[in-house]
Structures are given as structure tokens and as C-alpha cells.
Amino acid sequence: MRCPFHSSFSLAACLMLAAALAPFPAHAFCGFYVASGDAKLFNHASQVVLVRDGDRTVLTMNSDFQGEPREFALVVPVPTVLEKGQVHVGDRAVVDHLDAFSAPRLVEYWDPDPCPMADNVGAMRLEAAAPVARMAAKQSMADLAKTRGVTIEARYTVGEYDILILSAKESNGLERWLTENGYRIPPGASPVLASYIKQGMKFFVAKVNLSEQKRLGFTYLRPLQVAFESPKFVLPIRLGMVNSDGAQEMYVYALTRKGRVETTNYRTVKLVTDRDVPEFVKSEFGDFYRDLFTTQVKREGMEVVFTEYAWDMGWCDPCASSPLSPEELKGLGVFWLDDANDPARGTNTPFLTRLHLRYDARHFPEDLVFQVTSDRANFQGRYVIRHEWTGGGDCPQARDYRAGLADRRSQEARTVAELTGWDLSRIRGKMNVAADWSRPEDRMKWWDRVWK
Amino acid sequence: MNAHSGIPPRPSAASTPDGAPRPIRRIDPRWYQIAMLSGLLGYGVLGLGFGLGPLRIAATIGAALATQYLCTRLWRLPKFDPLSALISGIGLCTLLRTNTIAAAVFAATLAIASKFVLRVGGKHLYNPTNLALVMMLVAGVGWISPGQYGHVAFVALLMVCLGLTVVCKAGRSDVTLAFLGVYAAILFGRSLWLGEPLTIPVHRLQSGLLLQFAFNMISDPRTTPDSRLGRVLFGALVAAGAGIVQFVMFRPNGPVWSLAGCTLLVPLIDRVLPGLRHQWSPAAALSPPARRIVIPATAGAVSKGVVS
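In the order they appear, the protein sequences are chains H and B.
Mapping of the first sequence onto this note's numbering: position 126 corresponds to residue 126, and the numbering continues sequentially without gaps.
Mapping of the second sequence onto this note's numbering: position 145 corresponds to residue 145, and the numbering continues sequentially without gaps.
Among the clues, some could well be false.
Restraint ranges, calculated between C-beta atoms of paired labels, are given here [claimed, not checked]:
#	chain 1	residue 1	chain 2	residue 2	range
1	H	Thr157	B	Ile101	47 to 57 Å
2	H	Arg155	B	Leu192	42 to 52 Å
3	B	Ser38	H	Ser322	19 to 29 Å
4	H	Ala93	B	Ala102	35 to 45 Å
5	H	Gly301	B	Ala102	28 to 38 Å
6	H	Lys270	B	Leu264	47 to 57 Å
7	H	Gly421	B	Gly189	35 to 45 Å
8	H	Pro440	B	Ser38	52 to 62 Å
9	B	Thr199	H	Gly421	25 to 35 Å
10	H	Asp55	B	Leu198	25 to 35 Å
11	H	Thr349	B	Gly189	40 to 50 Å
12	H	Ser211	B	Val138	27 to 37 Å
13	H	Asp423	B	Ile244	52 to 62 Å
No lab work stands behind these hints, which were simulated from the structure alone.
Keep in mind it's a predicted model, so treat the numbers as computed, not measured.
From the three backbone atoms N, C-alpha and C, an ideal C-beta is built for every residue, glycine too.
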């Protein structure tokens, strides 16, 4: 089931240089999307999978680009020149699976019969996970590149993508080259490009090869993956914020051998979790989660990165979806699964961290820098519905139980209001908090029971 | 942080209105430091959700104090002085994260024990907190969260004010200012060279952890060079090293690694640029023989001299 959060945000694009078209809000990621026409781009969020061990990184960029494929283009700064073998086209379903597996979840419990003769144990069932983010002629091109101070370091086709790896001496030349080759660079990108050039970064440029796409039969864009070795553990988000007129959304799923991943140049905080919520939230969990996140972002001044999940992938409790298979993990780039277990390097089972951030240039002026910590403490965003016992009963425990329900409902209503910013009276109305929920036996006087 | 197996401050002489000298008691500057670090710890736990339970905090600080007490007895020091150990313990609580409480206890023990064991020229070589942090990072059983304080200007300002109070009291603001000045120059210089907006170096400087490092770790008067020129040189070297770790090696926690490396140069700097050894109490500095103790032959790992 797609939660409302999906549709409203039309989940999105990856690491890309999504900036692009001036008339339209640019949303993106490490790089930017560039388009060669005036087509509208609808990439509002990015999904990035980072597999990291030592200095080795496999980066998966999943896009929900919904325009015409011929209008899709991607420019991402990368630390090294990438050979053809370092680029791969992945499976979007695996990224979606990883997203569903790590998404904040709603759990249901059923209160047991409060009377002592009942030997009921509260049943628990995982009800719904919010899968929040589901998730020219070659020769002339080369000649032109030379005159612009741009070097085409590599050129190849992988899957449905034509890939170029560019290096440049100065940003104006790169900007002009990209423009002349049909990539629309947003105004203002040049200084950002210049800083990456001076840092020795290369540029990974991808376009859809329409004939290859037709031959392969895909109607959507599959995620691009790159593998490289570099001490830099960075996601370049600055390009994607050029000319961006609003906040952008990003999900980072980090898989490591050692432990949790966090940002070193922004505060990483855990999402509020383990709160009891009323039953109606079940049918509105997507809205609930979206508004909860927005409220938390506001509360933290939009200056933090949220951890939504951090768990050893060897197990889950409760599991929001089935665990990923070894094949799926390998598909995401987990390259150490077949290594012999080396206690010094930790277990081979990956540790998954799901990070979620809403960002703009004002609050996130620099690229995201990460570190792998040795923290292996488990954490998950989890919200709990406790279904009330409705089986009756006239024992003192049952009466006490029912007497406490009013306070419990009020507390749950306040919790939802506090977490989401929703109107308290509306919440109470939905819960019917003010109604008389007592049973006839609760209204009996003590003497009514004496000769009963 | 500025931890020292120090001797309690002595009353210093002052004159009464009628001209007769009378002893007045100065507040040991380490109390300012304890107040500042406790404030940071409280803010971290209550305001920022550091996730440190009372048991972990008590165990870490308790281990630091217990090690100090034990070493005081072993090294036959005249008096148990808990202040420096308290500073190290609270400092480790604010900076070091571990999976287990046992690892935090080990780090605190290591920090305090290092003051007694790793000594060169009569003073301990490493800032205890710095050494413990580096050892735990190397062993892969601990981590530092450089972004843990966020970039709230209020906190930065508060830390600057309180930190300045501490370093002024300790007379070591030169090393702090040299470090911050050179480090800021590196950040701004690099961003100007790259053509980045200046919001980037400002954002990097607005780090609570950086300020905590500058005002509470590198400024440790017991482990910095004795002469002013030496300290300025030392601060600049640590800043340069931090820049290399951050922008050449692309590793986090540049200042912490850099301080650990540059500390090895302190004996050399002291030899080339000698100066007056710091004592927490001015009176103590003037009367070193009274503080000298004889190290028993069994304590061979420790050089002879003042263990303070």
C-alpha cells in the first residue's frame, strides 16, 4: 500500500543535480538533474544507498524522475575517474524493499482481559509500515571538450544510460560544454562546479540512451550505481540546491560492516519513537508520519539529520517487511558478504542506518560528510496502537482498567497533537474521547454488588 | 579535559588594609572548568538527548576518581586531589561514546593512569582526555560525534564566554587563540580559494565540539609548552594538523588526532623554547622544592620529579 506521504511528495530522485530549469522548483541531490528541454521535472526527494567499508564505497542513486526519458540527465561530482566496470544499473525494487524494511512502523497490541482469571497475553501484530520513501557526434563532442578545457576521461554505455566521466580545468568551460551538449545548467552552478573542480573532483554525467532503453524494455529509470575507493565519505548536495526555491527531502540508507553512520558536520538525532497513538492513526499513518517529520524538523530548526532506523540486518523486531536476501544485498553493493569472517573487522552482516533530512541552502550550506561509528545499538521509529479490551468483566481490575482508559485516551490524543501539530480537538473528536465509554457495571454502587 | 593530578591551590599572600599580609584563598580555576563541563553535559543530556544514562555518567566519573585515588596512593603523593580527575571524567562523558559502560570505564581509567605513567621531563605528556579518546578510536570501541552540539549560536557563545574565563584563569589563552586563529584562517582561506560562500567556513567554525576542544583540551596548561612562544607555535601546529586530517586525509575529528600527534613535539619545543613550568597555584610555582617528592625505586616507569 502506498501511503499518502508517497503521493504527496511524489518521491523522488537521487543524488542528482536536479537543479535545472529555472521556471520550476529544482529538487535534487548530490548533483543535479539537467534537462535538455523545458519539460517539468518532478523529483522532490532523493533516495541514496551508501555501502561503505574502509575506503570503499558503492553509491546507489534511485530516481523517481517522471518526465520524458530523453529529457533526463544527471551530473554528479565523484572523487575519482570511474571505469566502465565501476558503474552499474541496479534494481529499483531492491531499493524499494530496503526502504520498506527500514521505514518507521506502526505496531498494534491488544490489551489482555484485565480480570485475573484470564491468562491472556497481549497480542502483537505489526500492522503497517510506512514505506515512506518507496521509494552529438562523439568526435565533435571530444573536440569541443578540448576547447572548453574539459576532458572526457571515459565514455561508455551501461544498461540504458550513456555515461561520460568529465574532468575540467575551470568551471566556465565545463558549464559551456554542458550547455552546448544539451544539458541545461542552472544559472549559479558555475561557482559550485568551480569548487569541485579545484578539489580534483570528476563529473559523472549520465543520459538515457533511448534505443537501449527500448531494447531493454524498461519504462522507468533504473537506479544508477557507482563503486569507487576514496577516503572521502561525502554526499555532494550543493549542486542540487542551486536555484532551488524550497526544501528538499533525502533518504540515505547506509550499509556498513562496522556500525551506525552519522553526519559529522550536522547534528544527527534519533526520530521520536515508541509513542502510544490512538487507533484511528492506523488509517492515516502516512499523514501522521509526514506531519510528525515536519513537526520534528521545525522543532530542530531544520538543522539536523534524523536517524529513523539503525539495526543489525541479521534480524529485526518487528520486521516491517521481509529481510533482504543476500542476493538483494549484493545487488545494492554489499561487497563483503562472501568474505571470511574477520573478527577484527566485525561481522559480515551489514548494519543498516536510515537517515532522513529536509534541507535547503540556508540550513545546510555544506555537503554532507559522514562517518561510520562502532555504534551497534538498535533503533527504530516505532509507534504503537494499544487496542482496548472490550470483553467486559466486573472484577475490580476490570473496573480499574476501564477507569484508567479515559486518561489513556486523553494522553494519546495529546501525544498525536504534540507529535504532528494536528488540532487537539479534531483528534479528540476522531477518538470520541468525550463520549461515555463506561459500562453499566461501572456505574453500580458498592451496595449493588453486596447481594448480587 | 584539562586534567592534572594537581595539588590543591594554596592560599596566596595579600595585604590587609592595615598593610599586614594575610592569606587569601583563590578559587582554583579548575572549578570554572568543572562548572562549564557540567553545564555542557547537562545541556547534552537534557537538551540534546545524548542518551547517557546516570549509571554511565556515574561509572565514568567514578572510574576517573578511583584511578586518581589509587595512583595517588601508589605514587605516594601527599594528598588526593579529585579536581583534575573530575574534569577528565566529565570531559569523557561529553565526548566519548561507547557501546558498553565497561568501555567508558576503561577509557576513564586509561586517561587518569596515563598522567602518572606517561611523563617526560617531570610533566605528563598527554592531555588525559585526548589520549583516552584516541586510544578508544584506534581500538574501534568508541566514537566521537563531532556534530553533537549542532550549530546553535547560543551554545557557542556560552561556551566561548565560559571557556575564556577558564583559560584566562589558567593563563593559557595564547594557545587557544593561536589554535582558533590558525584554524579559522585555514577554513576561510580554503573556502576563499575554492570560491565557496563564506557560510561554509562559518558553519564549520560554529561547532560546539571545536570550541570545547579549543578551550578545554588543547589549553591544558600541564601538557602545553612552557613558553608563550612555544605555546603559540604549538597551537598553530595543532591547527595545521587538524586541517590536514580534515581536508587532505578526509577523516573526522581532525583536532583530536592532530593534538595527539603534536603532543609528541612538546618536549622538543620546551627544549628549544624553555619557559616557566605551570602550576595551578602561583605559590606552588614559586616554591617547587616544597612540592618535590622522592619517587620510590619501584616506580621505575615514572621519571623523578613532581607528580602534579
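Comparing the hints with the structure gives:
1. Here the CB-CB span from Thr157 (chain H) to Ile101 (chain B) is close to 55 Å, well matched to the stated 47 to 57 Å.
2. A hinted range of 42 to 52 Å for the beta carbons of Arg155 (chain H) and Leu192 (chain B) is inconsistent with their spacing of about 35 Å.
3. In this structure the hint that Ser38 (chain B) and Ser322 (chain H) lie 19 to 29 Å apart at CB is violated, the actual value being about 48 Å.
4. For Ala93 (chain H) paired with Ala102 (chain B), a C-beta distance near 43 Å keeps the hint of 35 to 45 Å intact.
5. For the hinted restraint 28 to 38 Å between Gly301 (chain H) and Ala102 (chain B), the CB-CB distance of approximately 36 Å keeps it satisfied.
6. At roughly 38 Å, the beta carbons of Lys270 (chain H) and Leu264 (chain B) sit outside the given window of 47 to 57 Å.
7. Separation of Gly421 (chain H) from Gly189 (chain B) is about 44 Å and conforms to the stated range, judged on CB atoms against 35 to 45 Å.
8. A hinted range of 52 to 62 Å for the beta carbons of Pro440 (chain H) and Ser38 (chain B) is consistent with their spacing of about 58 Å.
9. Evaluation of the 25 to 35 Å hint for Thr199 (chain B) and Gly421 (chain H) yields a pass: the beta carbon distance comes to about 29 Å.
10. Against the hinted window of 25 to 35 Å, the Cβ-Cβ separation of Asp55 (chain H) and Leu198 (chain B) comes to about 30 Å, which satisfies the hint.
11. Between Thr349 (chain H) and Gly189 (chain B) the beta carbon distance is about 44 Å. The supplied range of 40 to 50 Å therefore holds.
12. For the pair Ser211 (chain H) and Val138 (chain B), the beta carbons lie near 54 Å from each other, so the given range of 27 to 37 Å is not met.
13. Between Asp423 (chain H) and Ile244 (chain B) the CB atoms are about 54 Å apart, so this pair conforms to the stated range of 52 to 62 Å.
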